[in-house]
Structure formats: C-alpha cells, structure tokens
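Residue numbers (full-length UniProt numbering), protein chains in the order written: chain A, 1 to 114; chain B, 1 to 585; chain C, 1 to 113; chain D, 1 to 237.
Possibly wrong hints are sitting among the right ones.
What the hints assert, rightly or not - For each label pair, taking beta carbons as the anchor points, the in silico distance ranges come out as:
| no. | chain 1 | residue 1 | chain 2 | residue 2 | range |
| --- | --- | --- | --- | --- | --- |
| 1 | D | A180 | B | K330 | 35 to 43 Å |
| 2 | D | V5 | B | G66 | 55 to 63 Å |
| 3 | B | E158 | D | A162 | 21 to 29 Å |
Hints listed in this document are in silico derivations from the structure and should not be mistaken for laboratory results.
We put the beta carbon where it would ideally sit given N, CA and C, even for glycine.
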Amino acid sequence: MRAAINRAHPLWVAFLIHRLSGLTLALFLPVHFWVMAQALINPARFDAFAAATSVNAAKVAEFGLVFLLAVHMFGGLRLMAMEFLPWSGPQKTLAAGAAALSFLIATLFFMQAI
Amino acid sequence: MRIQDIERHDTDILILGTGGAGLFAALHAKQTAPEGTKITIAVKGLIGKCGCTRMVQGGYNVALGGGDTVERHFMDTINGGKWLPNQDMAWRLCEQAVVRIRELENEVGCFFDRNKDGSLHQKAFAGQTADRTVHKGDLTGIEIINRLMEKVLASGVEKLQEHRAVGLIPTKDGSALAGVLMIDMRTGKFRLVRAKTVMMGTGGGPTMYKYHTPSGDKTMDGLAMALRAGLPLRDMEMVQFHPTGLLAGDHTRMTGTVLEEGLRGAGGQLINHSGARFMFDYDGKGERATRDVVSRGIYAEMRKNNNPEQEGVFISMSHLGPEWVAQKFKGMVKRCADSGFDLAAGKVEVVPTAHYFMGGVVVDVDTRTAMEGLYVAGEDAGGAHGSNRLGGNGVANSTVYGGIAGDTMGRDVAGFTLREPDEAVLAAELERAIYPLTKKPDLVLPLRKQLQDLMWEEVGVMRTEAGMKRGLTGIAEVSDALMDVGVDGSNLAFNLTWHDWLNLRSLCDISEVITKAGITRENSRGAHFREDYPEPGAMEDSAFTVARLESGVVQVTEEPVQFTIVRPGETVLPEGAPETLVAAQ
Amino acid sequence: MLTLRLYMLQRITALLMAPLVLGHLAVMIYAIQGGLSAAEILGRTQGSVLWFLFYGTFVLAVAIHGAIGLRTIAHEWGGLRGPALELLMWGIGAGLLALGARAVWAVTFGGML
Amino acid sequence: MTTDVLKVTIERGPDGADVFEVPAYDSQTVLDVVSWVQQNADPTLSYRFACRVGMCGSCAMMVNGVPRWTCRTHISKVLDGNEVTIGPLRNLPVIKDLAVDMDPFFDKWVAAEGVHHGTLTRDDPIAPIDEESEARVEANAGIECINCSVCYASCDTVAGNADYLGPAALQRAWTLLNDAKDEGRAAILDAVSGSGGCHNCHSMGSCTAYCPNELDPMSAIAGLKRETARNFFRKGS
Ligand SMILES: Cc1cc2nc3c(=O)[nH]c(=O)nc-3n(C[C@H](O)[C@H](O)[C@H](O)COP(=O)(O)OP(=O)(O)OC[C@H]3O[C@@H](n4cnc5c(N)ncnc54)[C@H](O)[C@@H]3O)c2cc1C
Ligand code: HEM
Ligand code: SF4
Ligand code: F3S
Ligand code: FES
Numbered sequence: 001m002r003a004a005i006n007r008a009h010p011l012w013v014a015f016l017i018h019r020l021s022g023l024t025l026a027l028f029l030p031v032h033f034w035v036m037a038q039a040l041i042n043p044a045r046f047d048a049f050a051a052a053t054s055v056n057a058a059k060v061a062e063f064g065l066v067f068l069l070a071v072h073m074f075g076g077l078r079l080m081a082m083e084f085l086p087w088s089g090p091q092k093t094l095a096a097g098a099a100a101l102s103f104l105i106a107t108l109f110f111m112q113a114i
Numbered sequence: 001m002r003i004q005d006i007e008r009h010d011t012d013i014l015i016l017g018t019g020g021a022g023l024f025a026a027l028h029a030k031q032t033a034p035e036g037t038k039i040t041i042a043v044k045g046l047i048g049k050c051g052c053t054r055m056v057q058g059g060y061n062v063a064l065g066g067g068d069t070v071e072r073h074f075m076d077t078i079n080g081g082k083w084l085p086n087q088d089m090a091w092r093l094c095e096q097a098v099v100r101i102r103e104l105e106n107e108v109g110c111f112f113d114r115n116k117d118g119s120l121h122q123k124a125f126a127g128q129t130a131d132r133t134v135h136k137g138d139l140t141g142i143e144i145i146n147r148l149m150e151k152v153l154a155s156g157v158e159k160l161q162e163h164r165a166v167g168l169i170p171t172k173d174g175s176a177l178a179g180v181l182m183i184d185m186r187t188g189k190f191r192l193v194r195a196k197t198v199m200m201g202t203g204g205g206p207t208m209y210k211y212h213t214p215s216g217d218k219t220m221d222g223l224a225m226a227l228r229a230g231l232p233l234r235d236m237e238m239v240q241f242h243p244t245g246l247l248a249g250d251h252t253r254m255t256g257t258v259l260e261e262g263l264r265g266a267g268g269q270l271i272n273h274s275g276a277r278f279m280f281d282y283d284g285k286g287e288r289a290t291r292d293v294v295s296r297g298i299y300a301e302m303r304k305n306n307n308p309e310q311e312g313v314f315i316s317m318s319h320l321g322p323e324w325v326a327q328k329f330k331g332m333v334k335r336c337a338d339s340g341f342d343l344a345a346g347k348v349e350v351v352p353t354a355h356y357f358m359g360g361v362v363v364d365v366d367t368r369t370a371m372e373g374l375y376v377a378g379e380d381a382g383g384a385h386g387s388n389r390l391g392g393n394g395v396a397n398s399t400v401y402g403g404i405a406g407d408t409m410g411r412d413v414a415g416f417t418l419r420e421p422d423e424a425v426l427a428a429e430l431e432r433a434i435y436p437l438t439k440k441p442d443l444v445l446p447l448r449k450q451l452q453d454l455m456w457e458e459v460g461v462m463r464t465e466a467g468m469k470r471g472l473t474g475i476a477e478v479s480d481a482l483m484d485v486g487v488d489g490s491n492l493a494f495n496l497t498w499h500d501w502l503n504l505r506s507l508c509d510i511s512e513v514i515t516k517a518g519i520t521r522e523n524s525r526g527a528h529f530r531e532d533y534p535e536p537g538a539m540e541d542s543a544f545t546v547a548r549l550e551s552g553v554v555q556v557t558e559e560p561v562q563f564t565i566v567r568p569g570e571t572v573l574p575e576g577a578p579e580t581l582v583a584a585q
Numbered sequence: 001m002l003t004l005r006l007y008m009l010q011r012i013t014a015l016l017m018a019p020l021v022l023g024h025l026a027v028m029i030y031a032i033q034g035g036l037s038a039a040e041i042l043g044r045t046q047g048s049v050l051w052f053l054f055y056g057t058f059v060l061a062v063a064i065h066g067a068i069g070l071r072t073i074a075h076e077w078g079g080l081r082g083p084a085l086e087l088l089m090w091g092i093g094a095g096l097l098a099l100g101a102r103a104v105w106a107v108t109f110g111g112m113l
Numbered sequence: 001m002t003t004d005v006l007k008v009t010i011e012r013g014p015d016g017a018d019v020f021e022v023p024a025y026d027s028q029t030v031l032d033v034v035s036w037v038q039q040n041a042d043p044t045l046s047y048r049f050a051c052r053v054g055m056c057g058s059c060a061m062m063v064n065g066v067p068r069w070t071c072r073t074h075i076s077k078v079l080d081g082n083e084v085t086i087g088p089l090r091n092l093p094v095i096k097d098l099a100v101d102m103d104p105f106f107d108k109w110v111a112a113e114g115v116h117h118g119t120l121t122r123d124d125p126i127a128p129i130d131e132e133s134e135a136r137v138e139a140n141a142g143i144e145c146i147n148c149s150v151c152y153a154s155c156d157t158v159a160g161n162a163d164y165l166g167p168a169a170l171q172r173a174w175t176l177l178n179d180a181k182d183e184g185r186a187a188i189l190d191a192v193s194g195s196g197g198c199h200n201c202h203s204m205g206s207c208t209a210y211c212p213n214e215l216d217p218m219s220a221i222a223g224l225k226r227e228t229a230r231n232f233f234r235k236g237s
C-alpha cells in the first residue's frame with residue numbers, strides 16, 4: 001500500500017553498493033580463510049578445489065568477489081576522501097569515477113584470468 | 001463532552017503562542033522568576049514553527065548610532081502612526097529594541113548581516129529617516145525564531161504543543177484570570193490550565209480578508225477571547241495592507257503571500273490592466289511610496305478595471321535585467337518559480353493583502369491588562385503603532401514586549417496564588433467550543449470565503465460608511481449561517497475542520513469589531529482610509545477607538561490620545577537635526 | 001551506534017588495508033595465470049616473514065574492520081542492539097581473526113613445523 | 001496541465017489509503033491538493049501547515065515516496081500522469097493521517113547541542129564579525145535551515161538507527177562549531193561523538209539531495225567527522 005521510498009540518486013546507490021559489497025566480502029571471508037588453510041593442511045584437497053574453480057561458473061563467482069573487493073575498496077576510499085578532504089560540489093562525479101575505476105580494474109583482472 | 005471531562009492542569013506562568021512575544025516571554029520569565037517557578041508554553045502549532053515572527057523578511061528596527069538615535073526612531077514611529085500611538089509604549093519599544101538586539105546577538109545567538117567592518121548592517125524601510133533595519137538576508141524571522149526556539153526547547157519549560165486556547169476563564173468575581181481553556185488538538189480533549197499569570201501572544205492576524213499574508217494558524221483567537229472576557233480593545237479599525245501580495249487564484253494557499261517590499265525599492269514597476277505604470281498618478285514617489293499609499297493606488301486601479309480575467313495589477317522586474325533580478329532576489333524568484341511564475345523575466349500578478357493588525361488589547365507599558373494575572377504582548381497588544389506600523393517595528397515590538405512580559409510576570413508571580421475558575425464561564429466556553437459538534441455537518445469553507453470577500457470589499461483598503469454598514473449586515477449573515485454548520489465529531493483527534501469552524505468563529509467576532517471601529521472613526525489616518533472622510537483631522541484632537549463587549553453587544557468609544565512625550569508639530573529631536581539621514585535613492 | 005572510537009578504528013583499518021588489497025590483487029593477477037596450486041602458493045610464501053607480516057596485518061585489520069562493519073549492518077538492518085550487538089561484533093571479530101590467523105600460519109610457517 | 005482531474009492517493013495510518021478525485025488548477029501545490037480534500041471531500045483528513053511559503057517547515061510529507069515541502073511543491077512537478085501518492089513524513093511517529101510528531105527531531109536538535117553557547121550578555125556590545133572569514137562562510141552555509149525534517153525523513157541511517165541524531169541536528173552543531181560567537185566547542189564535539197553521533201552517517205547524501213533549501217548537511221557532517229577525528233588524535237581518546 002505504501003509508496004516505495006524513492007532514493008534514486010548517485011550517492012545513495014554508491015552507499016548501497018558499498019554496503020552490499022562489504023557484507024558479501026565479510027560473508028565470503030571465512031570461506032576464503034578456510035580454503036587457504038587447506039593449502040597446507042590438505043594440499044590435495046586444495047588443488048582439487050583450485051581445479052574446480054577453473055570451471056566457468058566458479059570462475060565468475062571468484063571474479064565477482066575480486067570485483068567486490070575492488071568496488072568496496074574504491075568506494076571506501078571515495079567515502080573517506082569525501083569525509084576527510086573538505087571538498088564539496090562535485091562529489092557525485094567522484095562517486096561515479098570511483099565506481100568506473102573499480103570496474104576497470106576488475107575487468108582487467110577478469111580478462112587476465114581467462 | 002461534559003465539564004467533568006475537562007482535564008485540569010496547573011502551572012505558575014502560562015504563555016500562549018510561540019512567536020517573538022511568546023518565546024521571549026518564556027526566556028525572560030525563566031530568568032526573572034524565582035527558582036522553581038513552573039513555566040508552561042502552549043501553542044496552536046509546533047513550538048517556533050507557527051505564527052508570523054518566523055515569516056519576517058525585511059528585518060528589525062533598532063537605532064544603533066551612526067547618527068540614528070532612539071529619539072529619531074521614536075519620532076518616525078509616532079509620525080508613521082499618525083500621532084495615534086501610545087507614546088510611552090512607542091518610546092519603550094524604541095529604547096528597549098537596542099537592548100533586545102544585543103540580547104538576540106549575544107545571548108540567543110542570532111547572527112545578522114554585517115558591514116565590511118564587522119558591524120551590523122542596517123537598511124532603511126519606507127517611512128524611516130535612518131538606515132535602521134537589522135536583518136539576516138531576507139529571512140530574518142527564521143534566524144530569530146530558530147535561535148529562540150532552540151533556547152526555549154533546551155530550557156526545560158513545559159510544552160503544550162498543538163494546544164489551542166479557546167477561552168479565558170476568570171475568577172468568580174471576574175476581577176482576575178484563573179486559567180485558560182484549551183483543546184489538545186492531537187486528541188481533541190479539553191484541558192483547563194490554571195496559572196498565576198498568563199501571557200497572551202497569539203499574534204492577532206487579519207486573516208478574515210480575501211488576501212492575507214499571516215500564517216494559517218492565526219485567526220484572531222486571542223482578541224476574540226479577550227473581547228469575550230470583557231477587556232477593552234483599541235485601534236481595531238487599523239488593518240495594514242501590504243501592497244504586493246501574490247495573486248494566484250482562490251484555490252491556492254499561496255494567494256496573498258507577500259512579494260517583498262524590496263522589489264519596489266529596487267525599481268520594480270507596477271503595471272495596470274491597460275499595460276501602463278500608474279503609481280505616479282497617486283504619489284510623487286511612485287512605486288516607492290509607503291505601503292498604505294501604494295495599496296490604495298493598486299486598489300483604485302483594480303476598481304477601474306472590469307476585466308474579470310485580471311483581478312490585480314502586475315509587478316514587473318524584467319527591465320532591471322532578469323539575471324540581476326534572479327541574483328538579487330534569489331529567494332523571491334525561486335518562490336515565484338515554485339508557484340509557476342517568472343518574476344525575473346516575466347510579470348507577476350499582485351494585489352494588496354492584509355498583513356498586520358495594529359489594534360489589540362489595551363495594556364500598560366509593562367504589558368499588564370485590566371484583568372489581574374493577564375498580560376498581553378506582540379501583535380495581540382494595541383497601542384505601540386497607532387494607525388500604522390512601520391516595516392521593521394513589528395518584530396521589534398513582539399520581542400521587546402514579550403521580554404518585558406516575561407520579566408513582569410517573573411516578578412509578579414510570587415505575589416499571586418492559583419485562583420478558582422468561574423465554573424459557569426468554563427461551562428459556557430466549553431459549550432461554545434463543542435457547539436458545532438451538535439449540528440448537522442456541512443462545509444465550513446464557503447462561509448470563510450464569504451466573510452473574506454465581504455471584508456475585502458466593504459471593510460478593506462478603502463472604506464465608506466455605507467460599505468461598512470453593508471459589511472456589518474454581511475458579517476451577521478455569515479455568523480448566523482455558521483451556527484447552522486456542524487462538524488462531524490466522531491473523531492476529534494487532529495480534526496482540522498472543527499478548528500476551521502472555531503477559526504471562523506473568532507474571525508467573525510473580530511470582523512464585527514473592526515467594522516464597528518471603522519464606522520466610528522470618521523477620518524482617515526494611516527491604514528484606515530475613509531472615502532467619505534478623506535482628511536486626517538486635527539492631530540491635536542487625535543483620539544483612538546476603544547471597543548468592548550457590553551451585555552453581549554460590541555460598543556465602540558473614542559478616547560483622546562495623551563501626548564505624554566511630544567505634541568503634534570513638535571519633535572524630541574535636537575534643534576537643527578536633519579529631516580532624514582537616508583541618502584535619496 | 002557507532003562511536004568515535006569504532007569509527008576511527010574502521011577508518012584506520014580501511015586505510016591500512018588499501019595498499020594491502022592492491023598488493024594482494026596484484027599477486028592474484030600474477031599468480032592466477034596458468035592456474036593456482038597449493039605448491040605454488042606455498043612456494044612463494046613458505047617461511048617468509050615478510051609475507052607473514054603482510055597477511056598477518058591484513059587479517060588483523062580485516063577482522064576489526066569487518067566486525068565493526070557487520071555490527072553496523074546488524075543494527076541498522078537487523079535491529080539488533082544492546083549487549084547482543086556487542087557480543088556479535090566481538091564474536092565476528094574473534095572468529096575472523098582465528099580463521100584468518102590459521103590460514104596465514106598455514107601458508108607461511110605452518111609447513112615448517 | 002493536461003488533465004482536469006487528479007487522482008490523489010492519501011496514505012492514512014497503517015490501515016491503508018484513500019483515493020480522491022481532486023480538480024486540477026494552474027497554480028496548485030501539493031498542500032493545496034491536500035487542503036482541497038479536507039475542505040471539500042473528507043473533513044476528517046489531518047495534516048499540518050502554517051506559513052504556506054516555505055518558511056516554517058511544518059508541511060513536509062512524502063510525495064510519491066520523496067519527502068518534500070508541500071506548500072512549495074507545484075503539483076505538476078510530482079504528477080505521474082494524473083496520479084500522485086501522498087503520505088506522512090517518514091522516520092517520525094504518525095499522530096494522524098499526514099501529521100507526524102516532530103518532537104524526536106527537535107529533541108535530537110537539542111541533544112546535538114544545537115543551541116547557542118555564549119558568554120556575552122545584553123550589556124556587551126555586539127561582536128564585530130568578518131562575514132567573509134572562512135569560518136563564517138561555513139557557518140552561514142547551513143544557517144537557513146527551516147527544520148522541516150525533510151532530510152531526516154530521507155535518511156536511511158535515521159530509519160535504521162533510532163539514536164542517530166540525523167542530518168539537520170548535526171548540521172546545526174557544525175554551524176555552531178564555526179560560529180565565532182559560540183563557546184560550546186567541547187560540549188558540541190562531545191555531543192556529536194556519542195553513540196548517535198556524526199560517525200553513524202554513511203554519506204548516503206539523501207539529506208543534501210532532498211533539502212528544499214539546497215543546504216548540504218552531508219558536507220556539514222563530514223566537517224564534524226574531520227573535526228572529531230582531529231580531536232581524537234590530539235587527545236587520543
Ligand atoms: C509575511 C510577513 C512578513 C513580515 N515581515 C516583517 C518584517 O520584515 N519586519 C517586522 O518588523 N515585522 C514583520 N512582520 C510582522 C511580524 O511578523 C509580527 O508583527 C510579529 O512577529 C508578531 O509576533 P507575535 O509574537 O505577536 O505573533 P506571532 O509570531 O504571529 O505568533 C503568534 C503565536 O500564537 C499562536 N496562536 C495563535 N492562536 C492561538 C491559540 N488560540 N492558542 C494558542 N496559540 C495560538 C500561533 O500559533 C503563534 O505561535 C511580518 C509579518 C508577516 C506575516
Ligand atoms: C582497502 C580495503 C577497504 C577499504 C578502503 C574499506 C573501507 C570501508 C569504509 C570506509 C567503511 C565504512 C562505510 C560506512 O561507514 O558507510 C567500510 C565498511 C565496511 N567494510 Fe570495508 N573497506 C575495505 C575492505 C573491507 C574488507 C576486506 C571487508 C570484508 C570483511 C570489508 C567489510 C566491510 C563491511 C562489512 C562494512 C560495513 C558496511 C556498511 O556499514 O555499510 N571491508 N569499509
Ligand atoms: S537541512 Fe534542509 S531538509 Fe533538513 S531540516 Fe534543514 S531545511 Fe529541512
Ligand atoms: S542522508 Fe543520512 S547517512 Fe548521512 S549524508 Fe545524509 S545524514
Ligand atoms: S507551510 Fe510553512 S514550510 Fe510549508
């Protein structure tokens with residue numbers, strides 16, 4: 001019944017992306033740690049896992065996570081720049097720029113990986 | 001709803017309204033009253049977010065040197081009021097404004113615009129002989145009220161928000177005020193607040209005119225209550241019209257709102273229906289003449305025109321360069337644009353609009369009234385302005401006298417105890433407020449419109465005896481018709497239509513007083529212009545009107561003005577003082 | 001919910017991680033070419049105090065950073081407050097730190113014991 | 001205007017909404033539409049306004065999901081075809097229909113030390129101040145806030161965090177921090193560093209995007225973050 005809250009503007013989208021990327025990273029991190037620990041404790045299992053990740057779907061997921069890390073980092077740096085450097089007006093451009101840059105890096109990585 | 005259902009509440013100092021008068025009264029009462037005194041502030045809207053002080057644009061008159069003196073401010077006030085002001089009140093206003101502005105800057109934390117050297121910037125409103133008006137851009141009221149509001153919110157006074165005062169309840173013998181009956185608008189319940197002292201600062205508000213500037217919450221409730229309580233009201237015929245109210249049709253609340261004075265000062269032109277400038281036909285200063293003169297000029301042009309498509313005249317700024325206008329009058333241009341008008345490059349239709357009410361309760365210089373325990377300050381109090389209020393003297397008046405009321409109450413309160421209310425009056429006031437709930441519901445709005453059209457036509461910018469008599473008949477008709485209009489009382493919580501009804505009730509009551517006082521004054525002074533008596537009369541014989549309710553009938557008498565400080569033809573300025581200190585434009 | 005202290009911790013760890021993430025990404029891009037194997041990773045990191053410090057700092061920072069971040073989200077989106085919220089933050093922080101420390105240990109000194 | 005009847009949906013409490021057909025006019029604000037409904041169609045409709053010119057900040061409502069000052073919002077600006085949905089301002093308790101209780105907003109204003117801290121009195125001369133000084137320019141930037149609560153309603157941090165002081169109150173604190181006349185520096189920094197303080201802001205910028213007076217609370221809050229951070233290193237607390 002209630003009209004949806006309408007907040008379609010760049011900074012809010014930047015916030016949401018930052019939060020979702022941070023959240024996903026935090027949820028993924030324990031998995032990542034566990035996998036890395038396997039490298040020593042059970043190298044065979046690790047290699048099996050690494051081989052499995054060459055399968056496309058897994059690769060895309062992995063790409064996604066690195067992408068998220070890049071997005072989150074640049075988003076975070078953008079945020080801190082906004083907070084600590086007293087510039088005003090063109091923050092939106094900055095937000096957009098940061099997102100673009102992170103996308104660039106992630107794509108670069110993706111191309112490399114394939 | 002029965003008298004037993006009225007919730008009873010006690011306090012020591014009760015303040016009605018949160019404009020400049022109410023908020024200053026609260027602050028000063030807090031400072032002056034003995035430790036432990038309970039202070040309660042009750043208001044029809046939210047604290048600091050209603051009333052007109054917040055809407056002040058131009059600024060605050062105060063003589064701060066640079067050639068200007070309290071004497072000069074005083075003489076301008078007396079001349080502007082056409083020798084009708086109570087001189088002691090006018091003097092105190094000018095003198096205390098100096099203190100109040102320092103208090104606003106230093107204690108309350110307001111920031112007003114500065115000159116290059118860091119001192120306060122002051123400009124001259126029409127009718128002033130010195131650059132005297134302190135301001136914060138053209139949003140002076142917001143700065144004043146926001147800072148005051150913070151102070152009051154942080155001071156810990158008791159808040160009764162969205163509490164509408166509906167009746168002053170005296171003691172049984174009628175000599176003193178026992179308390180105030182209110183409606184808690186959020187729940188629709190009644191509350192009797194007893195207090196040792198009560199200050200009324202409900203801000204008048206001539207909103208019974210088709211075109212008006214004040215905020216929607218102001219509907220003469222205070223004066224209507226005072227009238228019923230038997231208090232004398234003075235200068236009730238004096239309604240100030242601002243010449244340039246926005247005209248945008250009668251289905252929008254924007255109609256009547258002020259297009260600022262500065263537009264004319266900066267060279268804005270008024271254009272009539274045939275596309276010609278006309279103000280020079282009426283006054284040598286053209287568009288820069290004082291408010292009353294320009295209002296009458298526009299009104300006269302409107303009467304000449306019988307094109308139903310165009311009601312008002314146009315204000316045109318574009319010859320000054322749209323870009324310059326857009327930059328200099330940013331707020332005004334934006335406001336017009338929000339309503340769909342292009343002020344910078346096009347022209348905007350305007351009309352005189354009822355702005356300020358000079359009349360009010362008779363008080364002494366300490367804001368005391370004839371009724372023990374009741375104090376009145378701000379636009380509700382009469383006397384300081386006489387027949388005309390200078391631009392910039394309104395907010396000075398409400399803040400100066402609000403503070404004085406707070407101090408006076410703070411000192412008086414120790415000598416008073418809570419009083420027993422006259423239950424019969426209480427019952428009658430309750431009855432009056434719930435009356436519409438017993439009638440068959442119908443629309444209130446058409447009657448409000450009827451009253452507004454009538455007052456505009458018959459008791460407006462230009463008046464005649466015949467017109468005002470027609471006005472009286474018309475008011476009685478609206479008044480009677482209102483008594484047949486009911487309000488659906490099934491849910492009284494935040495029931496705006498009930499309050500619309502009560503608003504109209506107050507407006508009808510005071511409209512009658514305005515009209516009767518207008519008929520009584522058979523000359524033209526300041527805001528009151530009689531086509532059948534265009535002359536001002538001898539200043540020496542100046543008299544002010546006093547209206548009271550006697551046995552249920554409004555009676556108006558005239559009382560001579562006491563020239564306690566200066567007589568007509570004389571001045572308190574030193575010999576040889578220049579006529580004006582304002583550089584000619 | 002976020003006080004100045006938590007805020008500063010979150011920002012400081014973020015700033016600390018920025019170069020670490022870049023380094024980590026660079027290594028990943030380099031390492032991932034031609035596939036990933038345990039031997040390869042271990043070959044690079046095994047016994048290196050530098051890598052230990054690199055990933056050790058990373059893990060410590062991310063544990064603090066992530067815990068504070070999830071605390072915020074748990075409060076704003078999950079409505080969690082009071083002791084439960086504090087407990088969650090410390091739990092996540094400790095968990096991340098433990099898991100991370102185990103991994104770092106594994107890839108650096110683990111094999112040498 | 002391309003239509004002569006507006007289809008107006010008004011949200012009324014949790015129990016739902018009513019739809020009204022309102023005649024369209026040339027000069028018509030959202031407040032006029034709401035007023036028309038109350039004055040002509042449903043006398044029980046509750047809402048709040050006072051000044052009708054964008055000065056008092058008491059008429060804000062959600063219009064198609066966006067918080068706005070309704071007295072200064074021309075209806076043509078928000079119409080979707082000929083439809084519009086109006087609801088009570090977000091993030092504040094509803095009293096009835098479109099009227100909300102603004103007390104939490106003002107309580108937080110005071111809690112953020114949003115009140116002048118001075119040592120001068122009415123007996124002292126008025127302090128000379130250079131309007132062009134950096135601090136004054138910064139203070140002036142936020143001074144025209146009308147406390148309409150639009151920013152407060154737009155902020156998702158407020159929505160999720162009941163203690164968060166919110167953009168307007170924090171902006172007021174920042175203004176005071178830059179006000180040469182204000183002596184409350186320590187108290188202000190303390191007030192904005194608590195659990196509801198400026199550090200909760202995620203710079204999502206809705207406050208700045210929707211402020212009808214084009215103020216920039218987001219940057220003001222960033223100022224507070226800088227100032228508190230500087231203080232943090234200085235005092236190490
Ligand atoms: C648009 C505009 C511009 C103006 N510009 C200037 C200017 O530039 N300079 C200048 O000097 N003056 C100006 N004035 C005039 C000035 O605003 C007033 O003279 C002055 O502020 C009145 O102050 P007040 O405290 O008496 O009343 P207000 O500030 O009007 O306050 C009245 C209070 O009483 C409350 N109230 C009303 N009825 C009840 C009730 N029944 N129960 C409880 N509470 C009630 C109201 O809600 C409100 O809070 C302007 C006025 C307007 C309308
Ligand atoms: C260089 C790397 C990183 C930087 C610069 C960075 C920066 C930031 C910043 C500034 C915030 C505060 C956001 C806000 O207050 O709105 C934040 C929040 C967060 N970060 Fe990071 N971060 C980094 C890495 C990580 C990593 C690796 C994780 C994974 C655990 C992570 C998880 C989170 C989470 C969950 C939040 C909370 C999000 C929110 O409150 O909306 N961050 N980050
Ligand atoms: S900052 Fe803007 S949106 Fe927020 S309360 Fe002030 S005027 Fe309204
Ligand atoms: S919308 Fe809210 S999160 Fe910060 S930038 Fe504005 S206060
Ligand atoms: S009614 Fe005052 S801001 Fe809209």
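So, going through the hints one by one against the coordinates:
{"no.": "1", "hint": "D/A180 x B/K330: 35 to 43 Å", "result": "violated, 25 Å"}
{"no.": "2", "hint": "D/V5 x B/G66: 55 to 63 Å", "result": "holds, 59 Å"}
{"no.": "3", "hint": "B/E158 x D/A162: 21 to 29 Å", "result": "holds, 25 Å"}
When the structure is compared with the earlier hints, a violation turns up for hint 1 alone.
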